[in-house]
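The residues making up each chain are set out below.
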Amino acid sequence: MLEIIKPGLETSIQDYPGRIGYWNQGFPPSGAMDNWSFRLANLLVGNDVGAPGLEAQYMGPTIKFGADAVIALTGADMMSKLDGEAVPNWESIPVKAGQTLVMGPAIKGARGYLAVAGGIDAPHWLGSASTFHKASVGGLDGHAIQAGQALPVKTGIGGTPGRRVKEANRPELSTTKEWIVEAVRGPNDDWIDEAAHKQFADTKWKLSARSDRTGYRLEGPDWTFTEKATNKLPENGDFPSNILDQGYPLGAINLGGQTPIILVNDGPSMGGFICPYTVPSVGFWKLGQAKPNEHLVFDIVSVDEAQSRRRAMDAQCSENSLENA
Amino acid sequence: MIYDEPKFLPGGDRYVLVEFGNEMNLELNFTAQGLATKIEEQKTKGIVETAPCFASMLVHYEPNDISFDDVVKELKALIADLGPTDNIELSSRIFYFETLYLDPWTKECIDDYSAKITEKEYDPDFVARINGLEDRHQLVRVHSGTEYWVASLGFWPGLPFLQPLDPRSKITAPKYNPPRTWTPQGAIGMGGSASSIYPVQTPGGYQLFGRTPVPIWDTEKRFDAFGGEIVLFRPGDRLKYVPCTLEEYEHTEARIKDGTYVYNMVDYQKFSVRNYKSWVKTINADDRF
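Here the protein sequences come in this chain order: A and B. Read left to right, the first sequence gives residues -14 to 310 (the numbering used here). Read left to right, the second sequence gives residues 542 to 830 (the numbering used here).
These aren't lab readings, by the way, just hints derived from the structure by calculation. Errors might be hidden in some of the hints.
In silico DSS-like pairs for lysine-lysine, Cα to Cα no more than 30 Å straight-line [as the list claims (entries may be wrong)]:
hint, chain 1, residue 1, chain 2, residue 2
1, B, K657, A, K119
2, A, K81, A, K66
3, B, K548, A, K183
4, B, K711, B, K648
5, A, K119, B, K716
6, A, K217, B, K661
7, A, K213, B, K716
8, B, K822, A, K217
9, B, K648, A, K119
10, A, K213, A, K191
11, B, K586, B, K811
12, A, K119, B, K781
13, B, K762, A, K139
Chain B extracted, bound-state conformation (with noise of 0.2 Å):
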């Protein structure tokens, strides 16, 4: 649900826990990332950063600046100033990542996987067949047919967590039980219904179908994306995945490798909630790609 008034849950003596609802629900993200820009704007005194999240937003105040108390009020006048959420406006940047779905690299980790840790069916697979889809190819399909959005980053820096715009792309996968020991930097899969990349070589959980060459992270500030970052993305980016070919793949890794890479990223809109939320009335979800 959505609640009426949003809860304020202390988390020790410098953070508080903004909960705008629990439930997967895009329109309390874009809450939580509507007050995260108005606290940015407003420089509130005290605040000293904050953390959107799914259905809520962590703020970690400077308690010789500012009370608990004075946060939540701060808090609720900018919640009450955002208005509905229908009137949120973010900026948001979107980016078109190269991505090779069914890749040797991602089979080969889940093979691994499967001759040492316990045995499973092979992730596309195994994410078509439990969400209704003909097989790995329709996967690629419904994957690859909407632009994501980047509700928040966290558990590794520069992991998003993105969920689909497009309802017709709405899928779920369980994670991995045990977790996998390694996963490819680059990879793309999913756990529950959230959709993300590897940033580097870590352990995982994510049902996996795919790679994309393109960084997401660079400790060497290479490319012009980041905008002197070492981290690509932040809450409120968009990014669609265009399916390629292998030799496409190799082409992008080659460039990205020599530093020539061009990030194809478009940087001048608005994602208005209103908007957005009509569009999305005129859509059945069940006519997947």
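Next comes chain A alone, as it looks inside the complex (with noise of 0.2 Å):
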């Protein structure tokens, strides 16, 4: 059992790869952002890549355990302490019961992960334990955990103490406050010209703060259109950017009016406007890492590509990766 003293800023159980099959009921698959650190951690203390644990942003939480256990800590470096002595990331490390765990400020990257050997025993909703905040699914209770909370462990899974991820098959969070994200063109990417595509491969984009797990909303210069987004039937909408309502990819970049909106995890599944880009899969990591006010430059990969680096990946999430301390 993990008993929470304090809850950290928007700290949520979440899975992976989170809710998947529900995109034409309106649910997003949810689930952790950066799914690499996650999977990973996940391996150290000897779980299922997927299994259920903690996604911290910017603010870790304070967590009493009560009874013995294994965790990791992976992702963003949030100065962790363990009864006040400091707790490597990336390592599998063993806690006694009445032990307290502080996670504090994300130095280095936003999302923090916390996995437990065994798992954290939260009910599955439409196949997921990932929390979906905005509609009150998954999780315990439908939110981000609260203090007070006792959140259960499963059983059957000891986990070894002394897993390390190997440095190599860490993902490499930035440190100079820019993050190059791969994108692929499409599906709307003929709505927009040229000069506009040549501009959005040369922007250095300022994640706003408006940020949150549903969208990541851009700053940076106008967007330029083709005659299609322009001249076009009256169903489509007003602004050039409108389009007849359809299905959003994941990772899509949306354009709402004049704003790119990065549609991720908690996104919505459709709408009426144009997705001239889109992030692919292993592109993720890297959006659950950046923080607002830090800057997004672009990597145009083709579908085949993106395929190739996300196969990549994935090869991290194993137990190759490991090695003992």
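Join the two chains into one complex using the hints; note that each chain is given alone, in its own frame.
Right under this line is the structure:
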């Protein structure tokens, strides 16, 4: 049992790959945003890569352990301390009943992950424990964790302390406040003109403070359009970036008026704006670790290249990436 | 227009958007839903899920199981197999919802918006006026005169995008600008040519003119009609609003509260695109109710 002393800034139960198969009912997958770090945390403690754990954003929680456990911290460096002693990221560590883990502010990256051997025992909603708090679905009670809550832990997996992720197999968190994120053209790339394509690739887009697990708003120059956007049937809507409502790919760079919004894990399934580019799976961990006011630069890749990079990332999320500390 | 050949547009490393056309035409949605049904029946390897919309359908695939090119090839074969749209028949449940038109709760919401955000005409009067209807009472007759087709669900989980099946009930309305900060749960309204019901209290932009007590979202899964899901509707369902009095509204509301409410739903019909289209040909859209 994990007793929540302080919840941190929106710490939530998430799993991987999340709530899949309900897009046509309007349910997003939710799930861990940096799923590379998340999967490694689970592997470190001997869980399946997808087992429910905690995602802490910007400011981590304070947790008292009700029983002995093996845990692992990955993702953002939150200067975590166990009973006042610094604990390393990327390593499985033993915890005694009664000890307190303090996860602090994220000094590198934005989201820290905590896996506990056995996984958090949260009910499944539509096949997943992931919290989608906008609709009060998932987690323990549909919301981010609260002070005073007790999170049950599944028994049966003891976990092995002293396992570590090899240096080369960890996602490399940017220290320059700039992230290079993959983007694939489409589905609506022929609605913006060549100048807009060039500008998209050349711009350092600022991640707005008005960003959350639903969407990442980007600040940058205005967009220019092709005839398709300006000369169309009225049912497509009034703005150049309006289109007849369509399904949105997860990761779509959705152009609401002139503001691009990357639709991430808790995003809407459909709507009436064009999506000239889409961030593929391999780019998501970087979105998960980028903080507001940092910058994104897009690396335009083909569908094939995006798929092969994803395979390379998935290969990192395996036992082969672990060693004895 | 309806394209001669659908377009297959990539969405990152795991989605294809199949676009059948670029106009608001129910026929395109029938095609999308026909294709979605076919994919589900055939259990095409590597296709994880589909989400049909008005004129397109999003396909989510697993790139480790199937390549983009092969997904497109499979989809083309399935579309060819569907044949002409007229041949499509879709399983379609119909629901009857008690509805209080011109209700006090959406009025309060509109008044609140007018007072705090920007002054606007009462939505039912506004929608009636811009559609050339006599008054708000004709709007009620026109809006409640048709079965609605659940073209898709989205934006918010369980929120249905509804299209009138009867051409005599076609109306349009612009969305609020700026949007509302709150809308009562169960509010009924429209934006563009789509009508909808707010599953829970949320912000919103549709013009409002009624409210139903019947839940379309239930995390407690109290009613059998949901089939174990949290969300009531599926694409291809139909809905008829049944105007009721405040007393009837409150009666239904009480039965929902105590869990004894029985959904008025019929589930044995197939929706035939051919039959529908030949019926539409006999209708004069100007004969408003």
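Here is how each hint holds up against the structure:
no. : hint               : verdict
1   : K657(B) to K119(A) : holds, 25 Å
2   : K81(A) to K66(A)   : holds, 14 Å
3   : K548(B) to K183(A) : holds, 24 Å
4   : K711(B) to K648(B) : holds, 23 Å
5   : K119(A) to K716(B) : holds, 22 Å
6   : K217(A) to K661(B) : holds, 29 Å
7   : K213(A) to K716(B) : holds, 23 Å
8   : K822(B) to K217(A) : holds, 27 Å
9   : K648(B) to K119(A) : holds, 26 Å
10  : K213(A) to K191(A) : holds, 28 Å
11  : K586(B) to K811(B) : holds, 27 Å
12  : K119(A) to K781(B) : holds, 29 Å
13  : K762(B) to K139(A) : holds, 25 Å
Checked against the numbered hints above, the structure breaks none of them.
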